[in-house]
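Number of protein chains: 4
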Amino acid sequence: MIVILKEGAPKDHVNHLLNDLTQLGLKTDVIKGEHKQIITLIGDTTKVDIENLMARQVVENVRRVSEPYKAANRKFHPDDTIITVGNQKIGQGYFTVMSGPCSVETEEQIVEVAERVKAAGANFLRGGAFKPRTSPYSFQGLGATGLELLLKAKKATGLQIVTEIMSLRDIDLFADVDIIQVGARNMQNFELLKELGHCNKPILLKRGLANTIEEWLMSAEYIMAGGNTNVIMCERGIRTYETMTRNTLDISAVPLLKQVSHLPVIVDPSHATGLTSLVKPLSKAAIAAGADGVMIEVHNCPSKALSDGAQSLTPDQFDNVMESIKRQLEFEGKTLLKA
Amino acid sequence: MIVILKEGAPKDHVNHLLNDLTQLGLKTDVIKGEHKQIITLIGDTTKVDIENLMARQVVENVRRVSEPYKAANRKFHPDDTIITVGNQKIGQGYFTVMSGPCSVETEEQIVEVAERVKAAGANFLRGGAFKPRTSPYSFQGLGATGLELLLKAKKATGLQIVTEIMSLRDIDLFADVDIIQVGARNMQNFELLKELGHCNKPILLKRGLANTIEEWLMSAEYIMAGGNTNVIMCERGIRTYETMTRNTLDISAVPLLKQVSHLPVIVDPSHATGLTSLVKPLSKAAIAAGADGVMIEVHNCPSKALSDGAQSLTPDQFDNVMESIKRQLEFEGKTLLKA
Amino acid sequence: MIVILKEGAPKDHVNHLLNDLTQLGLKTDVIKGEHKQIITLIGDTTKVDIENLMARQVVENVRRVSEPYKAANRKFHPDDTIITVGNQKIGQGYFTVMSGPCSVETEEQIVEVAERVKAAGANFLRGGAFKPRTSPYSFQGLGATGLELLLKAKKATGLQIVTEIMSLRDIDLFADVDIIQVGARNMQNFELLKELGHCNKPILLKRGLANTIEEWLMSAEYIMAGGNTNVIMCERGIRTYETMTRNTLDISAVPLLKQVSHLPVIVDPSHATGLTSLVKPLSKAAIAAGADGVMIEVHNCPSKALSDGAQSLTPDQFDNVMESIKRQLEFEGKTLLKA
Amino acid sequence: MIVILKEGAPKDHVNHLLNDLTQLGLKTDVIKGEHKQIITLIGDTTKVDIENLMARQVVENVRRVSEPYKAANRKFHPDDTIITVGNQKIGQGYFTVMSGPCSVETEEQIVEVAERVKAAGANFLRGGAFKPRTSPYSFQGLGATGLELLLKAKKATGLQIVTEIMSLRDIDLFADVDIIQVGARNMQNFELLKELGHCNKPILLKRGLANTIEEWLMSAEYIMAGGNTNVIMCERGIRTYETMTRNTLDISAVPLLKQVSHLPVIVDPSHATGLTSLVKPLSKAAIAAGADGVMIEVHNCPSKALSDGAQSLTPDQFDNVMESIKRQLEFEGKTLLKA
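Chains as they are written, first to last, in the numbering used here: chain Y, 189 to 527; chain P, 189 to 527; chain B, 189 to 527; chain G, 189 to 527.
The shape of chain Y in the complex, shown without the other chains:
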C-alpha cells in the first residue's frame, strides 16, 4: 500500500502517522519526491481502512498494491473451486445451464417449463418466487407459494432449484432450495450477505448494475468470511449509456475473474441485454471466454409472462440454443452433466 502525502505536510504530523502505521504491524518507508512524499506500507494491508487513512490531514491519496480480497483470491487458492450441488458440479471443466421462467406463475407452467428445459439439457431449474420490481404496482412474485411450486417441479423432473432471496427474513423458507440467488440490486445488501455466510448452501451472487469487479469480489468475501465458501459469480450486465440493450454484458469480467479468483463464473445473457435474439451468440461468447455456465430465461408461453417476457426464449428456441451450446462445449472439452 502506498500513501501519498500532501505537499508541505508538517513533520510532526507525518511522524505521528508513521507511528500509528507501525503499531498496526506494518513496515513503513518514506520516499521524498520533488513535490511530494510517499510512504510505502509492507505487511498485511487487507485490514487497513483506506478511508481512515485518507482522513489524516496530511494524506492526499492512498493506493493499494495488493488486492483487498483474500478468501476469493486465486493467489491464496491456486486451484479452481468446484461447487458440488447434489449430483451436479460447477466449475473447472463442469459447465452448468440454469434455465426457467423469470417468474413462477402456476404449477402447470413451472412443471412444463422444467420438463422442457431438462429435456433440452439444462441441469438446474431457475424461477423467481420473490421478484424485485422497480414499481410497487408491478407483480411482486408468488412468494412462499412460488417456492412450493418450484419444489413440485423439482419433484416432477429431478432438476435442482435456483431462486432469488430478497430479504434475510425469508431465509428459513429457502431450506429446500438448492442454490440461493442474490440479485444484482442486493449485491451490496451486506446484512443479507452476512446471513448467507452462515448458511451451508451454494450462493449465486449476481453482479450489481454499477459495481466494479473488485466490489463484487468483496461481496463474495462477505459471504466467504462467514464460512460459506460456495459462491458462484454471475455476470449479468452493467449499466452504461448504451440504450439499444438493457444493460451491457461485461464479457471481460469472465476471464478476468478466472485469473484473479478461483470461484466459478457464469453468465446471464437474458438479463444482460433483454433481447432474446442475443441469447445464443452471447451464450456462445460466454463459453468461448471461459465461463462455467449460463443462466437463460425460458418461458412456455411468453405472451402471458408476468414479468421480463421480452428476454425469455420459448422452449423451442431454447432447444435450438442448447444444440449450439452442446456442440461448443464438446469443442471446448467441457462437461455438461445430465440432471
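Since the hints were derived computationally from the structure, they do not count as laboratory data. These numbers come from a predicted model, not from an experiment. Treat each hint with caution, since some may be false.
Identical copies go unnamed one by one, so any copy, or any two together, can satisfy a pair.
[As the list claims (entries may be wrong)] Calculated cross-link-like contacts (lysine-lysine; reagent style DSS-like; alpha-carbon spacing at most 25 Å):
| hint | residue 1 | residue 2 |
| --- | --- | --- |
| 1 | Lys306 | Lys220 |
| 2 | Lys194 | Lys215 |
| 3 | Lys220 | Lys194 |
| 4 | Lys215 | Lys199 |
| 5 | Lys306 | Lys342 |
| 6 | Lys194 | Lys235 |
| 7 | Lys263 | Lys224 |
| 8 | Lys220 | Lys263 |
| 9 | Lys342 | Lys220 |
| 10 | Lys514 | Lys342 |
| 11 | Lys389 | Lys258 |
| 12 | Lys215 | Lys522 |
| 13 | Lys199 | Lys306 |
| 14 | Lys215 | Lys389 |
| 15 | Lys235 | Lys343 |
| 16 | Lys224 | Lys389 |
| 17 | Lys343 | Lys306 |
| 18 | Lys382 | Lys306 |
| 19 | Lys343 | Lys382 |
| 20 | Lys263 | Lys340 |
| 21 | Lys194 | Lys263 |
Position chains P, B and G against the provided structure of chain Y, taking the given hints into account.
Chains P, B and G alone, transformed into the frame defined by chain Y:
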C-alpha cells in the same frame, strides 16, 4: 402508452393483444405506418406491466407517455410537501442542514460534534451506527450501541437524529430515531422499503449509485404506497467514469425533481465527491439550484475517523461553510430554523 | 415517429404544427389521451430533424419508431456486405486478422513484426504512423515516415496495410494505404468522415468511447452517404466506471450490429481491455458472437514499445492466440484467407 | 511516479528497467513488499510515457503521484488567468455570458437575437455556422455564410463572436471570430488542437462527452504547448446512464478545475441537460460553484429553430434568467462587463 408492433405481426395475434388490452380497461387505437404499426393506449397505464407487454411475440417496443409514479408526482399533488419533524420543517422554503460524523464512535465524540454543529447552525445530527462497508474487514459501525450514543447526543443538545438503517430486522431499534435514512446501496432493497412504508417516521431516501431519477422516484413510491408519505430525497452523486471525484454530483436532479415531484430534495456534497475542498462550493450550488437542504460530514478529529474521513470537515471548517450557507439562504429568502 | 404534446397545448399551435408536418410529406394522426395528446407521423421520417420538432413550444417529446440510418440498414440491404481488398475478403464467412504494433518505429521493427504475424496467419498488417495521444508530451508517431515504413513492410511480406488517419489534411498521404482506420476519438469528426466518403478505400470505423451503437451507425452513414459503402465497423471497448480493464468490451454490439446492419464487424480486444492476458479469451468470444475479424496488437519487443505496450502480445504469444483462433474458425466454418 | 512490479520479476529485468529509468534523469528507489516490489521515481515525470513503462514484462502497474499537466497547472501558475478579448475580460472576478442561437440561420434572425441578448446583458454572441450533427441528413449549418452573418450581427451590436470550428481546413475563415470554440466531439481532435495552439485567439474548449477532467486539461495542454495560453474551459455535461436529461452536468468539475488549474471555467447549462426549464437553476448553481461564465442558447423563434431548439430559451425567458444571474453576481461580488 405506445406499443410498437413488429413488422409483419400476424393479424390474429394483434387482435388477441388488442382484446387483452381492452380488458384492462384501456382504450386502444391502431396506427399503421409504412413499415410498422403502433397501438396507442389511453387510460390508467400505471398498472400496465411493460415487461409483460413486451413479452408478446408481436410487440417490438413499448414506450410510456405518462410517468409511472403517482404518489410522488407533482401533477397530482401540486403543492410542495413540507415534512415536519418535531420542531423542524423541511421543504417549501424551510432549509435543513444535517451534519455529523460518518460513524458514531464514542459518547464524547458524538456529543462534542453535536454541540459544535448545533452551534454552527445545523438543525439535525447525522451519524452512522450501522455502516455499509465494501469490505467485510472494515469497521462495520457500533450498531445498537451507536444508536444509544446518538440519543445521548440528542439529549445533550436537542438536535434530532438522522441515521441509516441497513436491515428490516433492525427496525424496532429505530423507534427513537427522528429520521430514518435509506442508503444508496439499499435504494432498491424493496423489502426494506415496503417495511418503511408502514412506519410513521420520515424517511431520507438516498439515490442509488446507478439509479435513474425515475427509479429513485419509484422507490419513493414503494414507501408512499405503504402509507408513509414523509419521504425526503437525497442526491449523493452517481457513478460515472470520472475518477477525480469519488462520484459525480447530479445537480440537475435537484431542479428536475422539484418540477416533477412535490417531495423535498436535499444534497450530500460530502459523499458526492469525497473531497472536503468541494463541500462549500457544492453546498452553495445546491442552494442555488433549489435544494431544500444539505447533509454534510463533520468530524471532531478527522485524523482518527474510523470511516470516510477524507470527506469530513473539521468543526472549524464547518463553521466557515455554515457562514456561507447562511448568507446565501438569506439572499435566497429561505429559512433555516434553529434546532 | 411519435410526437408527444404538452398538456394543454393550444389548439391553434397544434394545428400549425400539423400543417408543417403535412407539408414535409408526412401523414399525421392525432390521438387524444387522458392527460396528453400524441401525433403519429407516417412516411420517410429519416430527414425529420428531431431537435427541430422538439423546439416547438407544444412538443414534450419525440420518439422514433424507425431507425434513422438507411445506407447501413439491413432492412434495405438484406445481404451481408463483403469488403474486397486486393486478394482479401472481409465479411459473410470471411474472417480477417489484422495485427501489428501500436506504433511503427523502425523499418527493422515493422518488417520483423509483419513477417511474424504473416507466418502466424494474420492477413493484414496494422501499425500506427499518426498516433492520437492524450498528452502532447507523449510520442506522436512517425507520421509520413511511418507510412513509408509500413509500405516497406507490405513490400517485404505482401501483407496489406491498415493504419489510422488523424486529419483530413493528410488524406493524400494515404494513397497507398489499403484500409484507412478512423480512431475512436475521431468517430464523430464529421468533416473527416465526409472526406472519407469521397475516397474509394475501405474505411475501418472504430466505435467512439462514449458513443451509442446508433451514433456509430450514423457515422458509418456519413461515409456511405458520400458514396463510399466499404465500411468495416470495429468494436474496441466503451468507457464505463469499471477500472480493472481500460475500457469495457461491448460484445453484444457484435450480434446486434449483424442483425440491424449488413456491414462487417470486427473486434479489437487489445484496446478494449489493455490487458494481454485477455486477448485470447476475448478473441474467442468475438468469433463465437459472430464477428468478422479481430485486430490484435503484436510487438516484437514490447519492453521498448513507444506506445500502448501493456496490451501488446509478443510474436510467440500471438502464435499461441492464432492457433486457438484457427481451430475455432474451423469449428465455426469460417474462412481465414492466406495473405 | 510509482511502478509496481510483477511478482517474481527476474532480477536482471528489474535492473535493466532501473538502468533505463536512471538514464531518463529520474532518481529511483526500490521497495520490497511481502508479495510485490515497487519502484518510486523522482524527477520530471511529465515526459515519462506510462504506456511505454507498462509495456515492460516486469511491470504490473504504474501510478502517477504528480499531475501530467504543466502549463494548465495552478501549482506552477498560482494566479488566475484573465482572458482579455477586446473590451471584455473573463476570469478572476470577471463573469461572462455568451448567448445566442444554436445555429445561425438568417441575417434578420441573428441580428435580432444579438440585439435582444445584448439588451439583456450578455457580453458575447454565440451561434453555430458549422454544426456537428449526428446524422448526415440533418442541417449542417450555413458554414462560411454563417460566419459572415455573425460578423454582421457583431457590427450591428458590438457583441464579440464565439463560434465553433469543426476542421483545421477552415481556420482561415475564423480570422475575424473573437473566440474560437472547440466542440465536445473534437476535444481530442489533436491535430485541430495543435493548429489552434499556433493561433493567437482565445479558445473555448468544451469537455468531451466521455472525457475525464484530466484528459480535458491535457487537451488544454495541447493548445498551450503550442504557445496559445488563452484557453477557456467549458463544462457542458457528460454522458451517463441517466435519460431524463440529455447529459449530466458535472458541477463538481467547476470548483475542482479552479483548484488544480488557473484557467477560467464556464458552464453551458443548455447543452448539459437539453431542457430549457433547467437553464435558470443550473446557471445559478454554476455561479455559486465558482464558474467564470455561462453559455446559454437563446432563439428568437424556437418553433422554427433548425437545430437544438428544445434547449433554447426565448428572448423573454432569457431576460428573466439574466435578472437572476445579475442579482446573484452582485451577491457574489462578481463583475459582468457591458458589451
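Do the hints match the structure? See the list:
In this homomeric assembly, Lys306 and Lys220 never come within 25 Å of each other (Cα to Cα): the closest approach is 65 Å inside a single copy and 42 Å across copies. Taking identical chains as interchangeable, the C-alpha atoms of Lys194 and Lys215 lie at most 25 Å apart whether they share a chain (21 Å) or sit on different chains (20 Å). Taking identical chains as interchangeable, the C-alpha atoms of Lys220 and Lys194 lie at most 25 Å apart whether they share a chain (12 Å) or sit on different chains (24 Å). Proximity of Lys215 to Lys199 under the C-alpha cut-off of 25 Å is found in both arrangements, the shortest distances being 19 Å within a copy and 23 Å between copies.
In the homo-oligomer, the alpha carbons of Lys306 and Lys342 lie at most 25 Å apart inside one protomer (11 Å), although the nearest pairing across protomers, at 55 Å, exceeds that limit. In this homomeric assembly, Lys194 and Lys235 come within 25 Å of each other (Cα to Cα) both inside a single copy, at 23 Å, and across copies, at 22 Å. In this assembly of identical chains, Lys263 and Lys224 lie within 25 Å of each other by CA distance solely across copies; the values are 12 Å between and 33 Å within a copy. For the homomeric pair Lys220 and Lys263, the shortest alpha-carbon distance between copies (18 Å) is at most 25 Å, but the shortest distance inside one copy (32 Å) is not.
Taking the closest pair of Cα atoms, Lys342 and Lys220 never come within 25 Å of each other, the shortest separation being 65 Å inside a single copy and 46 Å across copies. With identical chains, the CA atoms of Lys514 and Lys342 are at most 25 Å apart within one copy only, with a shortest distance of 23 Å there and 42 Å across copies. For the homomeric pair Lys389 and Lys258, the shortest alpha-carbon distance inside one copy (21 Å) is at most 25 Å, but the shortest distance between copies (40 Å) is not. In this assembly of identical chains, the alpha carbons of Lys215 and Lys522 never lie at most 25 Å apart, being 46 Å within a copy and 51 Å across copies at closest.
Proximity of Lys199 and Lys306 under a CA criterion of 25 Å is satisfied in neither setting, with 69 Å inside one chain copy and 34 Å between copies. Taking identical chains as interchangeable, the C-alpha atoms of Lys215 and Lys389 are never at most 25 Å apart, the minima being 40 Å within one chain and 49 Å between chains. In the homo-oligomer, the alpha carbons of Lys235 and Lys343 never lie at most 25 Å apart, since the shortest distance is 46 Å inside one protomer and 35 Å across protomers. Neither within a single protomer nor between protomers do Lys224 and Lys389 lie at most 25 Å apart by alpha-carbon distance, with minima of 50 Å and 36 Å respectively.
Taking identical chains as interchangeable, the C-alpha atoms of Lys343 and Lys306 lie at most 25 Å apart only when both belong to the same chain, with a minimum of 13 Å there against 58 Å between chains. In the homo-oligomer, the alpha carbons of Lys382 and Lys306 never lie at most 25 Å apart, since the shortest distance is 33 Å inside one protomer and 36 Å across protomers. In this homomeric assembly, Lys343 and Lys382 never come within 25 Å of each other (Cα to Cα): the closest approach is 30 Å inside a single copy and 33 Å across copies. Neither within a single protomer nor between protomers do Lys263 and Lys340 lie at most 25 Å apart by alpha-carbon distance, with minima of 42 Å and 46 Å respectively.
In this assembly of identical chains, the alpha carbons of Lys194 and Lys263 lie at most 25 Å apart only when taken from different copies (13 Å versus 33 Å within one copy).
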